[in-house]
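Enquirer: Sequence:
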Amino acid sequence: MFVQFFWWTYLLLDLNREALALREQLLISEAFDDAEVKRIRAEYQDRVRSRNWMIAGEGAVFVLLMVFGIMRVRNTFKKESELNARQKNFLLSITHELKSPIASSRLQLETLLKRELPREKQQELVANALADTERLNKLVENILLAARIDNKSVEAHREDTAISELLGEIAEQVRMIYLPRQRMETDIAGGVRLMTDKTYFHSIVFNLLENAIKYSPSGSLIRIMLREDQNRVTLSVADEGPGIPADEKERIFGKFYRIGNEETRSAKGTGLGLYIVKNLAEKLGASVSVKDNTPGGAVFEVSFEK
Numbered sequence: 002m003f004v005q006f007f008w009w010t011y012l013l014l015d016l017n018r019e020a021l022a023l024r025e026q027l028l029i030s031e032a033f034d035d036a037e038v039k040r041i042r043a044e045y046q047d048r049v050r051s052r053n054w055m056i057a058g059e060g061a062v063f064v065l066l067m068v069f070g071i072m073r074v075r076n077t078f079k080k081e082s083e084l085n086a087r088q089k090n091f092l093l094s095i096t097h098e099l100k101s102p103i104a105s106s107r108l109q110l111e112t113l114l115k116r117e118l119p120r121e122k123q124q125e126l127v128a129n130a131l132a133d134t135e136r137l138n139k140l141v142e143n144i145l146l147a148a149r150i151d152n153k154s155v156e157a158h159r160e161d162t163a164i165s166e167l168l169g170e171i172a173e174q175v176r177m178i179y180l181p182r183q184r185m186e187t188d189i190a191g192g193v194r195l196m197t198d199k200t201y202f203h204s205i206v207f208n209l210l211e212n213a214i215k216y217s218p219s220g221s222l223i224r225i226m227l228r229e230d231q232n233r234v235t236l237s238v239a240d241e242g243p244g245i246p247a248d249e250k251e252r253i254f255g256k257f258y259r260i261g262n263e264e265t266r267s268a269k270g271t272g273l274g275l276y277i278v279k280n281l282a283e284k285l286g287a288s289v290s291v292k293d294n295t296p297g298g299a300v301f302e303v304s305f306e307k
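Numbering (my numbering), first residue to last: 2 to 307.
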């Protein structure tokens, strides 16, 4: 296409040159005196020069528009390809995430039915089945919440909340579901209160902790901190996982986005957790950031205005 355009431009310019030569021959054949021929030739050359500049200008605009259009199409295609890949990864992961707790609960309940077990073992199996059920419940909640975020039907109902106590309860709930896979350490400032939506705050904390657990090696430490100063309340969750590359730190909050390929990834997840955290935090007037942990891992911080 560009070759055709440049060839078309060359033909127009060449046509103008031929027209100028023919004009000069016509003037000479009509026996004008030299002074008159020079004057008419100069006028016609100015007109041809103006036409050439017009052709060049229009051509440049055409090329710029063409390049801009190609870049837009390329970027759109790239974004669509990335979205399709993320959606494919989501379908692969959600299938596993839904089937895993169901299969685990079924196995434990079948064991209870088929075998005579000591009471302690029975209680352990029941507790594990309940934990799997809670995991499944949280997954369904996340899917529904993500749909509400997409439909812009999320409304915050703020109330005076004892954040310190609520954070401790959420940490204990997560510990019952996932630990002792990881160690959990809390450093929560006492007596912190905040005008916030309890349900959304719970979802933010739960998803941050779940994310830290899923991407951290077994036996590693997850640290929860709550700090209050004059103007802000800051929640942080630190893990000892692989960390997040610098060029991925903004992208991880996108819907369905997960680092790596779902077919080869070992860590579980759906790519909805951090998307929900980001959107709910913004709904509550808070900001979310991620930085590197020392010596390794990531630290997520949510900063609430008081």
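FYI, nobody ran anything at the bench for these hints, they're computed from the structure. Quick caveat: nothing in here was measured; it's all calculated off a predicted structure. One should not assume that every hint holds.
[As the list claims (entries may be wrong)] Below, simulated DMTMM-like cross-link-like pairs (lysine to aspartate or glutamate); rule was C-alpha separation at most 25 Å, straight line:
1) Lys284 to Glu111
2) Lys122 to Glu156
3) Lys215 to Glu135
4) Lys215 to Glu160
5) Lys256 to Glu83
6) Lys256 to Glu156
7) Lys153 to Glu229
8) Lys139 to Glu117
9) Lys80 to Glu249
10) Lys80 to Glu283
[Unchecked claim] Simulated restraints, written as ranges between beta carbons of each label pair:
11) Ser290 to Thr112: 28 to 34 Å
12) Ile103 to Thr235: 18 to 24 Å
13) Leu113 to Ser290: 17 to 23 Å
14) Gly297 to Asn138: 56 to 62 Å
15) Arg252 to Gly192: 18 to 24 Å
16) Asp293 to Thr200: 48 to 54 Å
The C-beta atom is built at its ideal place from N, Cα and C for all residues, glycine as well.
Enquirer: Work down the list of hints and note, for each, if the structure agrees.
Expert: Comparing the hints with the structure gives:
1. Lys284 to Glu111: 44 Å, violated
2. Lys122 to Glu156: At roughly 44 Å apart (the allowed maximum being 25 Å), Glu156 and Lys122 break the hint.
3. Lys215 to Glu135: 16 Å, holds
4. Lys215 to Glu160: Given pair Lys215, Glu160 is violated - Cα atoms ~31 Å apart, limit 25 Å.
5. Lys256 to Glu83: Answer holds: Lys256 to Glu83 is near 11 Å, not above 25 Å.
6. Lys256 to Glu156: Holds, because 19 Å separates the two Cα atoms, which is no more than 25 Å.
7. Lys153 to Glu229: 31 Å, violated
8. Lys139 to Glu117: Violated - the C-alpha atoms of Glu117 and Lys139 are around 32 Å apart, more than 25 Å.
9. Lys80 to Glu249: 16 Å, holds
10. Lys80 to Glu283: 24 Å, holds
11. Ser290 to Thr112: 28 to 34 Å: 45 Å Cβ-Cβ, so the 28 to 34 Å window is violated.
12. Ile103 to Thr235: 18 to 24 Å: 38 Å, violated
13. Leu113 to Ser290: 17 to 23 Å: For Ser290 against Leu113, whose Cβ atoms are near 46 Å apart, the range 17 to 23 Å is violated.
14. Gly297 to Asn138: 56 to 62 Å: Given about 32 Å between the Cβ atoms, the range is violated.
15. Arg252 to Gly192: 18 to 24 Å: Hint violated: Cβ distance 37 Å, outside 18 to 24 Å.
16. Asp293 to Thr200: 48 to 54 Å: At roughly 31 Å between Cβ atoms, Thr200 and Asp293 fall outside 48 to 54 Å, so the hint is violated.
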